[in-house]
Structure formats: structure tokens, C-alpha cells
Amino acid sequence: MLDPDPRIIGDKRLLGVVPGKPPIGDRKQPAEEDTVMVWPNLLVRHAVAALVVIVIVVLIAMFFDAPLREIANPTITPNPEKAPWYFAALQELLALFHPLVAGVLVPGAIIMGLVALPYIDRNPSLDPRKRQIARTAFTVFMVLWIALTLIGFMFRGENWSWVWPWEEWHGEL
Amino acid sequence: MSEMTRRSFLSTAWKVGFGLLAAAGVVTTFDLLKPHLAAGFDAIVRTVAPDAVPTTGVLEVRDARGYLVKVDDDVLAFSEVCTHLGCRVPYVDENGRFECPCHGSKFTREGDYIEGPAPRGMDEYATEVVDGVIEIDTTEVIAGPAPGSERT
Amino acid sequence: MKTSERIRKSTIGSSFFRSPDRVTERDRAAGHWSNFLLHLYPVRVRKVEITFKYTAFLGVASVVLFGILTVTGIFLMFFYVPSPTYAYGDIQTIQNEVAFGQFLRNMHRWAAHLMVLAVAAHLARVFYRGAYKPPKEFNWVIGVVLLVLTLLLSFTGYLLPWDQLAYWAVTVGTAMAAYVPIVGDLVQELMLGGPTVGSATLLRFYVLHVAVLPVALVGVLTVHIWRWRKDSMLTMDSDQGATDA
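Chains as they are written, first to last, in the numbering used here: chain E, 1 to 173; chain U, 1 to 152; chain A, 1 to 245.
Simulated from the structure, these hints should not be mistaken for laboratory data. In this text the structure is predicted, and so the values were computed from the model without any measurement. Take the hints with a grain of salt, since some may be wrong.
Claimed, not checked - The calculated lysine-lysine pairs, modelled on DSSO-like cross-linking and capped at a C-alpha distance of 30 Å, are: (1) E:K130 with A:K47; (2) E:K130 with A:K133; (3) A:K230 with A:K53; (4) U:K15 with U:K34.
Said to hold, decoys possible - Label-pair restraints from in silico Cβ distances: (5) U:E3 with A:G67: 30 to 38 Å; (6) U:L21 with A:V223: 36 to 44 Å; (7) E:E32 with A:F16: 52 to 60 Å; (8) E:W162 with U:V129: 40 to 48 Å; (9) A:E97 with U:R151: 47 to 55 Å; (10) U:A143 with A:V220: 23 to 31 Å; (11) U:L21 with E:E158: 23 to 31 Å; (12) E:V106 with A:P134: 42 to 50 Å.
Unchecked claim - Taking beta-carbon pairs under 8 Å as the criterion, some of the chain E residues facing chain A (in silico): (13) K12; (14) V36; (15) M62; (16) D65; (17) M142; (18) V143.
By construction, the Cβ of each residue, glycine as well, lies at the ideal position given by its N, Cα and C atoms.
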């Protein structure tokens with residue numbers, strides 16, 4: 001098949017053409033003009049993002065003090081007793097369901113569901129119109145979880161009863 | 001069993017070796033970290049004479065992390081640790097019952113389940129009267145009665 | 001010749017940098033081979049990946065917050081003894097007597113909360129742009145592991161001030177583990193190191209918080225970033241022409 005005469009391309013000699021896949025395999029590579037150099041384009045953006053984050057943390061730390069309650073006392077439970085805010089949704093569920101459900105099955109199912117997501121959702125499309133089921137399911141879950149978190153964090157007062165946050169504030173950070 | 005070459009034996013052997021080593025590591029770590037403590041607070045707590053236990057309301061015993069309650073002349077010792085998630089359950093005098101601040105579980109003065117997410121009534125400790133004084137045995141927790149049933 | 005260039009060309013400088021100052025694209029591409037920090041990045045990325053809309057820079061924000069937490073956490077460690085006798089008093093000392101102590105503790109606390117937020121938001125952003133789809137499935141799984149590690153780090157740190165907030169939140173949190181069928185009681189005992197939250201629990205949480213979990217997180221994070229770099233030049237099937245990312 002090979003041309004009997006060696007081809008000269010530029011100043012290189014073509015010795016042979018080998019069938020097979022490109023080094024990157026089946027993956028499609030973007031065209032050169034769709035890409036940019038990381039240095040400086042991405043590096044400078046990351047540097048700015050890092051600065052913004054640091055400034056935000058410094059500002060918050062300057063104006064708001066971290067809470068410190070009384071020393072731990074095993075004989076007095078504060079009323080209401082609040083979990084850290086990221087577990088507020090779980091605590092809210094714990095007040096509604098048996099602990100095996102709310103404390104073990106639900107968080108277990110959420111973690112396992114997240115881990116399994118890319119293996120359940122095999123739809124290759126990135127077009128939001130073509131993945132409405134996945135987007136809807138995820139959005140419903142997020143909205144529910146955020147609502148439960150806010151309820152547990154702000155809307156629960158003494159004995160875990162309902163309060164309005166603008167009347168009594170019970171959130172703990 | 002098919003014939004095993006020297007190569008396949010050695011290649012299996014080092015994998016098994018690492019497997020055993022990992023298993024030994026897990027067991028050792030587990031033994032190292034497992035607390036070797038008896039259940040409860042491992043103590044007999046001497047409290048008061050049976051006559052001193054009130055017939056209404058409860059008497060809190062801080063040392064035992066529990067309450068003494070007199071029900072029909074019998075003295076019961078309850079653990080103040082909520083059967084739900086371990087919060088301390090205070091006795092609310094106005095309502096004449098125990099109310100947990102964490103998740104709103106409620107128990108009667110007799111320690112029976114009323115409502116809330118707790119799986120059972122309040123846990124109990126054995127008591128004994130020695131030399132005219134009630135002693136609470138906190139080494140063993142007696143699980144409270146299931147919801148709907150009453151303690152006997 | 002500029003000073004920086006002279007340093008680069010000196011005997012010690014050239015052994016350290018191993019290359020001249022990088023001005024051209026070709027030099028800079030070579031930098032990804034010779035610079036340790038730079039080699040975490042790919043040489044080129046798709047244009048869409050540098051836009052705010054695509055990532056909101058939540059991944060890099062999480063890493064920066066972790067960096068802040070490491071630095072402030074090390075400072076706090078110099079003044080903190082993990083024992084019920086000293087812990088609470090040490091926090092008070094940090095706040096009232098150590099120079100910038102209150103500020104450092106504030107930074108650590110707020111950065112921790114923000115990191116949980118940033119990691120969760122990063123997860124949501126990656127979901128909505130579909131970046132977990134083949135062949136990136138496993139990097140999503142690694143990301144979920146990182147989320148769990150972040151939550152565990154935050155939760156173990158929550159006990160350390162040894163105040164009422166900490167004590168009871170951890171009492172409730174560990175009591176939840178006891179409901180796991182069969183192994184629940186054992187798991188709770190291993191976490192607490194005793195029948196209730198006490199000195200053993202504080203020490204266990206401290207060791208997890210300052211040694212075990214951060215090391216685990218850095219290890220897993222390295223793999224996460226490495227896989228991101230490997231996949232950063234992929235064009236996925238319906239990516240062409242899709243303006244939504």
C-alpha cells in the first residue's frame with residue numbers, strides 16, 4: 001500500500017502509516033480554535049477567584065464572632081437542641097420519622113443515590129431540554145432538602161415546636 | 001484442581017499475603033479503638049430514703065443521671081437519657097410529664113411513651129433498698145416499654 | 001537583564017526552575033512538565049471552561065477554603081489541648097489573650113461553613129451542566145466522597161470547643177449511628193470511645209479532625225484534580241453548539 005518512494009513532508013520523511021486509534025482513544029478532541037491556553041487565561045481567573053474567596057472570609061471573620069456557648073454540661077440539654085445547620089434537614093426528619101428511617105436509611109439512600117447517579121442516568125445528552133427528567137428529579141430533591149434545612153435551622157424553637165424566625169431566632173451556626 | 005505453575009503460585013501468594021496483612025491491620029485497629037468499658041456508668045448510686053421520694057413530680061439524681069419517681073408506693077428509677085437520640089429529658093411540672101427538647105418526644109410521669117419519635121418508653125435502672133436508702137444500679141439499663149404498652 | 005531573569009539563569013536558579021522565564025505559548029506549555037503546581041493543570045482547556053457561567057469557580061473556591069482552614073487550623077492547634085479539662089478554657093484563651101486569636105477562630109469557623117456550602121454548590125453546578133456523564137462518571141463518585149469527607153471534617157471539628165452547642169450536637173449525631181442495623185451499637189461505641197460523649201470522644205474527634213480526615217481529603221482531592229486534568233480536553237457528544245453548559 002505504501003508509496004514506494006518515501007514522501008517528503010516539510011523536511012520530514014514519511015516512513016509509514018499505521019492503522020489504529022489516536023492516542024486519546026475514542027474520545028473526541030475539541031478543535032484547536034475552541035480552546036485557550038491555561039496559562040494565563042485560567043490561571044489568572046483562578047487567582048482572582050481565590051482572592052475573592054479570601055477577602056470574603058476575612059471580612060466575615062472581622063465582623064462576626066464565632067459562637068461559643070457555656071461549657072459542655074451533660075446534665076442540661078439546651079432547649080431547643082440544634083444540630084449543625086448542614087444536618088438540620090436530618091434533624092427535622094428525625095422529629096418526624098423513626099430514627100432508622102430518618103437517621104440511617106434516608107442519608108444512606110442520598111449518598112448511594114449520588115454515587116450511583118452517573119450509572120443510572122445513561123442519557124448522554126448535555127442539552128437541558130433533552131434531560132428534563134434528571135433535572136426535574138434533582139431540582140425536586142434540592143428544593144426539598146433546602147426547605148427541610150431552613151425549617152430545622154430557623155423555624156424550630158423550644159421542644160422542637162414551630163416558631164417564626166422573625167419573632168424568635170433559634171438558628172445556631 | 002488444575003496444575004499450578006510456579007509463576008501462578010507466586011503471583012497468588014503475594015496477593016494473599018497482602019490480603020492477610022490488610023485483614024490483620026483491620027482487626028488490630030478495631031481492637032485498639034474498641035473501648036473496654038462496662039455499660040452504663042458502672043456504679044451503684046446511693047440516694048435517699050424511700051419516704052423522701054415525692055408522690056407527685058420527680059426527684060432528680062444527678063450522679064446517676066436519672067430520676068426517682070414514686071408510683072403507687074413503688075419507687076422507679078428512670079434514666080434521663082432520651083431513648084430517641086440521647087438528649088437529657090427534663091420533667092415539665094406544668095404538664096406533669098417528661099418532654100424531650102431535642103425532637104419533642106413525650107413520656108408520662110410513669111415513663112411510658114406518649115408521642116414523638118422515641119422508639120420506646122423511658123429506660124429504667126434497677127433499685128434496691130439497702131440500710132433504708134435507695135440504691136440505683138446504673139451498670140445495666142432496662143429498656144423501656146414499647147409505645148402503647150405500659151410498664152408493669 | 002531583569003533581576004528575575006538573572007536569578008533564573010544562575011547556577012542555583014536554573015537547578016530550581018529548570019527553564020528560562022516563560023514568555024511564549026510554547027515555553028508555557030513546557031512549564032506544565034517542569035513546574036509541580038502547574039502540572040495540576042492541563043496545558044489548554046476549552047474556551048467554555050474559563051467562563052464564570054460554566055463553573056462559577058466553585059471547585060477552586062472549595063480548594064481555597066480548604067487551604068484557609070489548614071493554615072488557620074494549624075495556628076489554632078498551637079493553643080488547644082483536646083481534653084475536657086482544658087478545651088473550653090483554651091478556646092477562651094485563644095479568643096481573649098492570643099494575638100489575632102479571635103480573628104483566626106472566626107476565619108476557621110466561617111471558612112468551614114462556607115466550604116460545606118461551596119462543595120455542595122459545586123456538586124449542584126456539575127450536575128446541571130451534566131459533567132458527570134461518561135467518561136467522567138468516576139470523578140463524580142470521587143466528588144461525592146469528597147463531600148462526605150468535608151461533612152465529617154466539619155462535624156468532628158464541631159465538638160472541639162467543648163461548649164453546650166458542641167456537646168449536644170455530637171450526642172445526637174452519634175446516637176443516630178446506633179440505629180444502624182446490627183453494627184450500630186458498635187459503631188457508636190467506636191466513635192464515642194465510651195458510653196457517653198466524654199474525654200475519649202474529644203480525643204478521637206480531634207485526631208480524626210487534624211490528622212486522619214485532612215490527609216484522606218488531600219489524597220482523594222489529588223485524584224479528583226488529576227482526573228479533571230485528564231478529561232479537560234474532552235468534547236462530549238452533544239457539546240457542539242450547546243450554549244447551555
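Query raised in the report: Which hint numbers doesn't this structure obey?
Result: Those not satisfied are hints 5, 6, 7, 10, 11, 12, 13, 18.
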